[in-house]
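S.K.: Line by line, the protein sequences are chains H and X.
No gaps in the numbering here: position 196 of the first sequence is 196 in our numbering, and each next residue is one more.
No gaps in the numbering here: position 25 of the second sequence is 25 in our numbering, and each next residue is one more.
Watch out, some of these pointers could steer you wrong.
Below, a list of computed lysine-lysine pairs in the BS3-like style, where the Cα atoms sit at most 30 angstroms apart [to be verified]: (1) X:K93 - H:K119; (2) X:K287 - H:K66; (3) H:K119 - X:K287; (4) H:K65 - X:K95; (5) H:K119 - X:K277; (6) X:K225 - H:K66; (7) X:K49 - H:K70; (8) X:K87 - X:K168; (9) H:K65 - X:K225; (10) X:K168 - H:K70; (11) X:K254 - X:K49; (12) H:K70 - X:K225; (13) H:K70 - X:K277; (14) X:K225 - H:K119; (15) H:K119 - X:K49; (16) H:K345 - H:K217; (17) H:K119 - X:K152; (18) X:K196 - H:K70; (19) H:K119 - X:K119.
Just so you know, these hints were derived from the structure itself, not from any lab.
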Amino acid sequence: IAESLELTKTKLEQAMTLLHKTVTVRDALNQALDEELERDERVFLLGEEVAQYDGAYKISRGLWKKYGDKRIIDTPISEMGFTGIAVGAAMAGLRPVCEFMTFNFSMQAIDQVINSAAKTCYMSAGSISVPIVFRGPNGASAGVAAQHSQCFAAWYAHCPGLKVVSPWSSEDAKGLLKASIRDDNPVVMLENELLYGVPFEMSEEAQSKDFVVPIGKAKIERQGTQVTLVSHSRPVGHCLEAAAVLAKEGVECEVINLRTIRPMDIEAIEASVVKTNHLVTVEGGWPQFGVGAEVCARIMEGPAFNYLDAPAVRVTGADVPMPYAKILEDNCIPQVKDIIFAVKKTLNI
Amino acid sequence: MRKMLLAALSRVLQGPAATAAAAGRTASRVMVASRNYTDFANEATFEIKKCDLHRLEEGPSTTAVLTREEGLHYYKTMQTIRRMELKSDQLYKQKIIRGFCHLYDGQEACCVGLEVAIKPTDHVITAYRVHGFAYARGVPVRTILAELTGRKGGCAKGKGGSMHMYTKNFYGGNGIVGAQVPLGAGIALACKYFGKNEVCLTLYGDGAANQGQIFETYNMAALWKLPCVFICENNRYGMGTSVERAAASTDYYKRGDFIPGLRVDGMDVLSVREATKFATEYCRAGKGPILMELQTYRYHGHSMSDPGISYRTREEIQEVRSKSDPITLLKDRMINNNLASIEELKEIDVGSSTDISACCPQAAPQAPLGLVAHLGAL
Numbered sequence: 001i002a003e004s005l006e007l008t009k010t011k012l013e014q015a016m017t018l019l020h021k022t023v024t025v026r027d028a029l030n031q032a033l034d035e036e037l038e039r040d041e042r043v044f045l046l047g048e049e050v051a052q053y054d055g056a057y058k059i060s061r062g063l064w065k066k067y068g069d070k071r072i073i074d075t076p077i078s079e080m081g082f083t084g085i086a087v088g089a090a091m092a093g094l095r096p097v098c099e100f101m102t103f104n105f106s107m108q109a110i111d112q113v114i115n116s117a118a119k120t121c122y123m124s125a126g127s128i129s130v131p132i133v134f135r136g137p138n139g140a141s142a143g144v145a146a147q148h149s150q151c152f153a154a155w156y157a158h159c160p161g162l163k164v165v166s167p168w169s170s171e172d173a174k175g176l177l178k179a180s181i182r183d184d185n186p187v188v189m190l191e192n193e194l195l196y197g198v199p200f201e202m203s204e205e206a207q208s209k210d211f212v213v214p215i216g217k218a219k220i221e222r223q224g225t226q227v228t229l230v231s232h233s234r235p236v237g238h239c240l241e242a243a244a245v246l247a248k249e250g251v252e253c254e255v256i257n258l259r260t261i262r263p264m265d266i267e268a269i270e271a272s273v274v275k276t277n278h279l280v281t282v283e284g285g286w287p288q289f290g291v292g293a294e295v296c297a298r299i300m301e302g303p304a305f306n307y308l309d310a311p312a313v314r315v316t317g318a319d320v321p322m323p324y325a326k327i328l329e330d331n332c333i334p335q336v337k338d339i340i341f342a343v344k345k346t347l348n349i
Numbered sequence: 001m002r003k004m005l006l007a008a009l010s011r012v013l014q015g016p017a018a019t020a021a022a023a024g025r026t027a028s029r030v031m032v033a034s035r036n037y038t039d040f041a042n043e044a045t046f047e048i049k050k051c052d053l054h055r056l057e058e059g060p061s062t063t064a065v066l067t068r069e070e071g072l073h074y075y076k077t078m079q080t081i082r083r084m085e086l087k088s089d090q091l092y093k094q095k096i097i098r099g100f101c102h103l104y105d106g107q108e109a110c111c112v113g114l115e116v117a118i119k120p121t122d123h124v125i126t127a128y129r130v131h132g133f134a135y136a137r138g139v140p141v142r143t144i145l146a147e148l149t150g151r152k153g154g155c156a157k158g159k160g161g162s163m164h165m166y167t168k169n170f171y172g173g174n175g176i177v178g179a180q181v182p183l184g185a186g187i188a189l190a191c192k193y194f195g196k197n198e199v200c201l202t203l204y205g206d207g208a209a210n211q212g213q214i215f216e217t218y219n220m221a222a223l224w225k226l227p228c229v230f231i232c233e234n235n236r237y238g239m240g241t242s243v244e245r246a247a248a249s250t251d252y253y254k255r256g257d258f259i260p261g262l263r264v265d266g267m268d269v270l271s272v273r274e275a276t277k278f279a280t281e282y283c284r285a286g287k288g289p290i291l292m293e294l295q296t297y298r299y300h301g302h303s304m305s306d307p308g309i310s311y312r313t314r315e316e317i318q319e320v321r322s323k324s325d326p327i328t329l330l331k332d333r334m335i336n337n338n339l340a341s342i343e344e345l346k347e348i349d350v351g352s353s354t355d356i357s358a359c360c361p362q363a364a365p366q367a368p369l370g371l372v373a374h375l376g377a378l
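Chain X on its own, in the form it takes in the complex:
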C-alpha cells in the first residue's frame, strides 16, 4: 500500500510527463491525488505543422499558445458539434429529418478554429455542410435541430432545412455547389465599401474548387483587392469522387494562381486558428484576398443517402479516426500538458450529450406554418 501511494505521489509530482492513460488511472484510483483548479497549468505552448506556402514569403507561426480556458471552450464546442451531428444521423434514420442531410463530424476543427480566430463582426459563408458553422456562429443546438426537423422554432422557421441556415453575419447554407463563392466576395466588397475593417471567410469544398465561377471570383477579388479569405475544405472526396479523379491539380491552395495561398492541417484546431489569424491579418492590411486549403476528413458519407464506403475503405476511415481525430488530438494535448483532467473532459462529453438529447423535438407534428409568409421583404 505504501509503495503504491509513493508511486502515485511521484507520478503526480512528475506532472505533464505522465501519459493520459496513466494519469487517468492514477487520478481515479488514488484519492490523495484529487485535482482542483490550482493544479492545472494556465496555458501551454504547442508545436504545430508548418504550412505549405504559395506566393508567400512567410506563413503562420509554427507554435501556438493555448490557455486552459480556450482549450475547454474549443473542446466543448467541437464535442457539441460532434454529438449534434451524430444525433442528426439518428433522427434522419428515424425519418424525423428528411431530404438532404450533410454531416460535419470529423471536420470540427475547421469551423471551430476559424470561428475563434475571427470576430463576431466578421462574416462567414459556406456551402451545404453547414450545421457546425451555424452552431459556431451562434445558432443554439435546439434551434438547429428544430430547423432540421422542419419546426417553427428553427432558425429559418422550418423553411430552409439542413442546407439553409442563417444568422447574423452568417449567410448560410447554400445548396448550389460553388455559388456561395461569388456571394462571399460580394460580402467582402460590402466590407470594403463600408470601411469597417471586416473580412469575409468564403468556404467551399474540394469538389466545388473546380467550378468556373470560383475562378471568375478569384479574378475580381484580386483585381479589386477584396478582403476575402477563400477557404477550401478539402475532405478528399467530392461526393463519391476522390480529388485525384476530379482535379488536374490537387494543390487547392495554389489554384488561386495570383492569389497567395497556404495549406493547413485541418484536423488540428490550433493550426486552423493560427492560419486564420494570419490570413485575416493579411486581408485587413488591405493586401487583397488570400486562399487557405484546410486538409480535413469527414467520417460520414457525402450525405445521409451515402454510406460512404463504396469509394473509400473502412480502413481509411478508421485510420483517420484513430490517428487524426480533431477532438482526440485536442484532448490528448490538454491532458498531457496539464490543462485539464480526464474527468473534466468526460463531464463535458456527457453534458453535451445530455443537452443535445434535451433539445430533441418531440416526434409530434406542430401547427402548420404560413406558406406564403417571407415570400418577399416588406
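Only chain H is shown next, with the shape it has when bound in the complex:
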C-alpha cells in the first residue's frame, strides 16, 4: 500500500508540475532566446561573456554550445563599438539581441541606442528599420553601490522611436522577450537581476513556443476596489505583498503590472482609477521625471482625473546615488511598508 501511495504521489507531483510548472525568470529568458534563435536564423546574440561564459548572469546558458560562434558572439569590453555594430547589423537585415551586462554600461553606448537605433526609422521615413533588442539587468541589485544600481526606465522611455518593456514574472520575461525579438522596432528590455533566480508559475499556454506577451498591454495582477497600485518590474511583487497585508485591514488594492513602459497602457490605468478613485505609483527609479511622474501627468490629462478622490501618490527610489551599506540601501528602495504607508495616505486612513 505504501508503495502504491508513493507512486500515486509521484504521478500527482508530475501532473502538478505540468499544470503549474514553476520556472525561474532566468530559465524563462533562456527558453525565449533558445526558441527565437531556432525559429529565425537572422536572430543572434552578442554581448560580453554571453557565449563561452554562458552569460554573466547565466541567462544564455547552453546557447553557445548549441548555436556556435556565428549566432552567439562574445564581444570585447567596448559598449559603444559593439552596440553600434549590433545596430548596423540590424539595419542590414539581421535581428540582433544586444546584451548589456547591466544597463549602467549602456550609458557608454546610449548614443547608438538613441541616435542610431531609435531615430533611424523616422529620419529615413520608414525606409530603414532597426529590429534590435537591447536587454540586460536594470536598476538596483544588492550592495553593488552607486554606479551599478541606476534605473534607466525613464531615460529610455523618454524617447520616441523606442519601445521599452519591463518584465516582472517568468511569463512576462519569456513572452516579452519573444515579442521584442519579433518586433521590427528597437526594443529596450529592462530585466532585474534580483528576479533572475525567482521561480514563478508558468501556465501551459506560456510554455508553448509561440507564446508572446503583447507589447503595450498592462496586466492586472490582482483585482481590487479601493486603490490602484501601478508598478513595473520587481516592485510589482512588493505591491502584491502590500496588498495582502492591506487586505487583512479591509483595504482591497488593484495591482497593475505595467509590463510595457513605452508605449504605456494608460487606458488600463484609467479604467482602474475610474473604479477605485485612488492612485499610487510604485517604481525603483529616482522620483524626478520618472515613470510615476508620467503616469500622474497622463491621468491628470485624461478622463480619469475626474474620478480621483485624492491626489495620486508616488513611491520611488530615494533621490540619492545608491549607497553601499545594507541599512542605507534598504531605505533607498521602495519597501512593502512604504507602499502601505502611501496607500493609507491617499485613502486618508
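Model the placement of chain X on the given structure of chain H, informed by the hints.
M.R.: Chain X alone, transformed into the frame defined by chain H:
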C-alpha cells in the same frame, strides 16, 4: 589661308600631342577638323600616383585604363555633383534650405571613384557630408533637392534633411561624428553572416578619426575579420581645426594599427577607383578589414555657416582649385588623350546645370506631412 589650313590639318593629325587649349581653338575655328565619334580613342592608359602602404607588401596598380564611356560617365557624375552642391549653396543663401548644409564640392573624385569600383549590392555608409554619396548611390538630383528643401518628394519625405539621406544599400547620412563607423562594421558583419560576398564601405573624416568608438570598431572588425573597408576622407580640416592641431599622428592610413592601410590621392578619380578595387578585393578574399585614407579637399567651409577662411587662406583654396581640381584633372586627361572633345564636355557642363535648375522646387510651401508617420516600423 592655305597655310592656316595646313597648320590646322597637321595639328589634327598629330592627335593627342596637341594641348587642350590648342585643340579647342583649332576645333572651333576650322570646320575641316569637325569631330565624330570614330575620331576618338576607345581608351587610354594613365599613370597614377603610387599609394603609401601600411602592413601591405603590394598596393594597387600604378596604371589605370580609362575607356571613353567610363570617362564620360565619371565626368558627368562629378560635374552633376559639383553643380548640385553649388545650387544647394544658392538655395541655402535664399533660406530655402535651412539648418545644417555640408557641401561636397572639391571631393567629387572620392564618392565617384568609390562607387564605380563597387557593385550596387555592396554597401556604403558615411557621415553628414552626404549629398554626393546619395547621388552616386542612385538618388536622383530632384529627390535630393526636394529633401534639402523639406518636401514630401524628398528621399526621406522631408523628415531627414541634409544629413539623413538613405537609399538601397546606402545607410546615410549620420549626424553624430564617428557613430557611423561601428554601424558600418555591423553592416559588414551582416554581409559576412549572409555569405553573399558583399562588402561595406565605411567612411569618416579626419576629424572623426580621433573618436574612441572607431578604435573599438577597428578591434572588433579585425578580430572577427569583417569585410569592412574603412575609408578616411581626409580633407585636412575637422570643421575649423587643421589635422596638425587635432591628431598626434596624421598618418590616418596607419591609425588602424593592426589593420593594413593605404594612402590614396583623393583628387584623382582613377586613383580612388583603383585603390577601392584593391581594397574590396582584399575584403572579399576573407582577409578582414582594410583602411584607405583619401587625401582630398573641400572648397566650401565645414558647413554653410562657415565661410571657411578663418582657419585657412584663400590662396590655399585657390591653389587646390587650380592645380588639383578633380573635374579639371579628368577633363584634361580626356582631352589630351583624345577620349572626348571640349565641346562634348561643355555640353555635359551645360546640360547638368540645366537639369539641376529644372529640379529646383518652387519656393511655395507644400501640404504639411504627417508628423507621427514613420515613428515606428509596422
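S.K.: All hints, please: hold or fail.
M.R.: To see whether the hints hold, each was checked on the structure:
{"no.": "1", "hint": "X:K93 - H:K119", "result": "holds (29 angstroms)"}
{"no.": "2", "hint": "X:K287 - H:K66", "result": "holds (27 angstroms)"}
{"no.": "3", "hint": "H:K119 - X:K287", "result": "violated (34 angstroms)"}
{"no.": "4", "hint": "H:K65 - X:K95", "result": "violated (60 angstroms)"}
{"no.": "5", "hint": "H:K119 - X:K277", "result": "violated (34 angstroms)"}
{"no.": "6", "hint": "X:K225 - H:K66", "result": "holds (23 angstroms)"}
{"no.": "7", "hint": "X:K49 - H:K70", "result": "violated (40 angstroms)"}
{"no.": "8", "hint": "X:K87 - X:K168", "result": "holds (25 angstroms)"}
{"no.": "9", "hint": "H:K65 - X:K225", "result": "holds (22 angstroms)"}
{"no.": "10", "hint": "X:K168 - H:K70", "result": "holds (26 angstroms)"}
{"no.": "11", "hint": "X:K254 - X:K49", "result": "holds (18 angstroms)"}
{"no.": "12", "hint": "H:K70 - X:K225", "result": "holds (12 angstroms)"}
{"no.": "13", "hint": "H:K70 - X:K277", "result": "holds (28 angstroms)"}
{"no.": "14", "hint": "X:K225 - H:K119", "result": "holds (29 angstroms)"}
{"no.": "15", "hint": "H:K119 - X:K49", "result": "violated (42 angstroms)"}
{"no.": "16", "hint": "H:K345 - H:K217", "result": "holds (29 angstroms)"}
{"no.": "17", "hint": "H:K119 - X:K152", "result": "holds (19 angstroms)"}
{"no.": "18", "hint": "X:K196 - H:K70", "result": "holds (15 angstroms)"}
{"no.": "19", "hint": "H:K119 - X:K119", "result": "holds (28 angstroms)"}
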